[in-house]
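In case you want the letters, here they are:
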Amino acid sequence: MTATSLYAALAAASHCAAGCSEKEAVWESGKLRLYRYRPIARAAGTVPLLIVYALVNRPYMMDLQEDRSLIRGLLAQGLDVYLIDWGYPDGADRFTTLADYIDDLLDACVQRIVAAHRLDALNILGVCQGGVFSLIYASLHPKRVRNLVTMVTPVDFHTPADLLSKWVRKIDVAAWVGEGNVSGDVLNQLFLSLMPFRLMHQKYMELLRGTADRARIENFMRVEQWIFDSPDQAGAAFREFVVWFYQENRLALGRLEIAGRTVDLNALELPILSLIGKKDHLVPPQASAALQRLAASKDFTTLEFDLGHIGMYISARAQREVPPAIAGWLASR
Amino acid sequence: MATDPWRQWQAFAAMATPGLAPQPGAREGAFSFGPFVDAAERFASAARGFLEAAAHSPAEAARTFSDSLREQFTDLLQVPFKADYLCAADTSFGAEAPALGLTREHQQRWQRTAEAWRRMADAQRRLQLLWSDALREGAVAFAARSVPSQPIVASPQIVHRLYDTWIDCAEEAYARLAHGEAYCSALAEFVNAGSQWRQELQASVEQSAKLLDLPTRSEVNTLTRRLQRVEERLRAAAKERAPQKRAPKVAESRARRARRKPKP
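The listed protein sequences derive, respectively, from chains P and W. Last residue of the first sequence? That's 363 in the working numbering, and every number before it is there in order. Last residue of the second sequence? That's 248 in the working numbering, and every number before it is there in order.
If you're looking for bench data, these hints aren't it; they were derived computationally from the structure. Among the clues, some could well be false.
Once the Cα atoms are required to be at most 30 Å apart in a straight line, the calculated BS3-like pairs of lysine-lysine come out as [as the list claims (entries may be wrong)]:
(1) P/Lys196 x P/Lys233
(2) W/Lys223 x P/Lys173
(3) W/Lys223 x P/Lys61
(4) P/Lys308 x P/Lys233
(5) P/Lys196 x P/Lys309
(6) P/Lys308 x P/Lys200
Covered by chain P, according to a simulated footprint, are these stretches of chain W (three or more residues, beta-carbon under 8 Å) [said to hold, decoys possible]:
(7) 149 to 156
(8) 162 to 172
(9) 179 to 186
We treat Cβ as the ideally placed atom computed from N, Cα and C, and that holds for glycine.
Put together the whole structure using the sequences plus the hints.
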């Protein structure tokens, strides 16, 4: 690849938009949007699947482009897919708590979907922090979740490889957050500093390797856009998440209370599929694997992939293997 | 040029860096490829020197190359914002002075602000020392892994391989450091001192705002909380009312169905 061709390809790709699957907003509340994706294949006959994404970063990573879209893969398997987009919190959202997100907003989304389909329960796919929300929700509202899929979801926040957890252990989070929100830029800096040489240097030096084809460059630019498109975090919810999970490990220890109710993973009896990235530097495999030990479910499946955190959404291997694995597992239940 | 990726990279970076070779669409303040131009140039040059010298004096060549890598990558590891410029000022001024009189509260606040800056600067220095240790450790590991057993021509592929090895070594050394108690403590101290500094500064700004009868963040927060409580009550009331509202509808619909029933 020549410098001229790379420059031209990057310039041409700098405005390419992420997202490829058609969807419509079926409900909204404040900054939250609940989307339903248009089907692209014959219905598999399972109950709808609600994807609960994290508050950190934007959910379009799940539908980045045609050949890098977990959602497209799920649609191709005939699943009826819904997605929660939490939006970009601003100063007015600074007192929004985890209970607001989980017991109010997430619950409202579930209620709307089950009402629309005249069902009692649906399937949930929780991704990363969204997986934690899904576990909490399933614990608080067991009758509304039929099957639960967790993807790169931390459960035990005190595993030896968890660098983020070690870093925040001695931080006075209440003082750090104050009464404001937490800037997305600060979080970006934090995530980059987990592997600074690879993420801030080698990645850009790698650009010239390989070919200058448009698809590769556009893929790079879309991922680049996603990485740095980080919403600010509602201060109260962020403080609760860091203190309760990263510092005090309440979820794993059975000491978590949300909206005045105890979250007991040991009471989770529904079928659970846990998807783990063996090379995940953000959520160490052990942190996710703890769920099998803690949940009471007798129908528990773990699938490990030789992938990193982001690779679990967008790698070619993930595209080939993850959607069929999810669809197959759901279809058999 | 077409066969040397390092040269291609430099040419590309020069094109993409504002000021080096202005291009249509290149914006001031945009992500600058300048550091990568320098890095590629310096790395390629140092790698070629290393490979040439390694044939005669491997240990010396490795040490020189490692030192140059440490120097090059020092800037990559930085705290988000620096306390350096204020450290130059005498922040200890009045720190121990007893606060007396009408402005006692303000004197104490400024003492606390200065103290927070001093703590930040200390923590920053500790972090920089630790980063330097990690770079040295990475460089030593790199030298041990990279000294060729026989003379090698510095082809682009060899330079690439050296670069990847260096990144692996640096990242491994950094990971060992970052998981350590000393680093976690220094990082926490930096963040905690920064939080205290911001809190004291915020109090000073609010004091000025009150003098000018401008709304303060604390007042806006109070109003936001009141609004939130009102919204919560409204939601709770709506939830309570929902079953009652549905009940008449259900009754009405039953009555309608009953009316529609064909008479025997």
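Please name the hints from earlier in the document that this structure breaks, with their numbers sorted from lowest to highest.
Violated hints: none; all satisfied.
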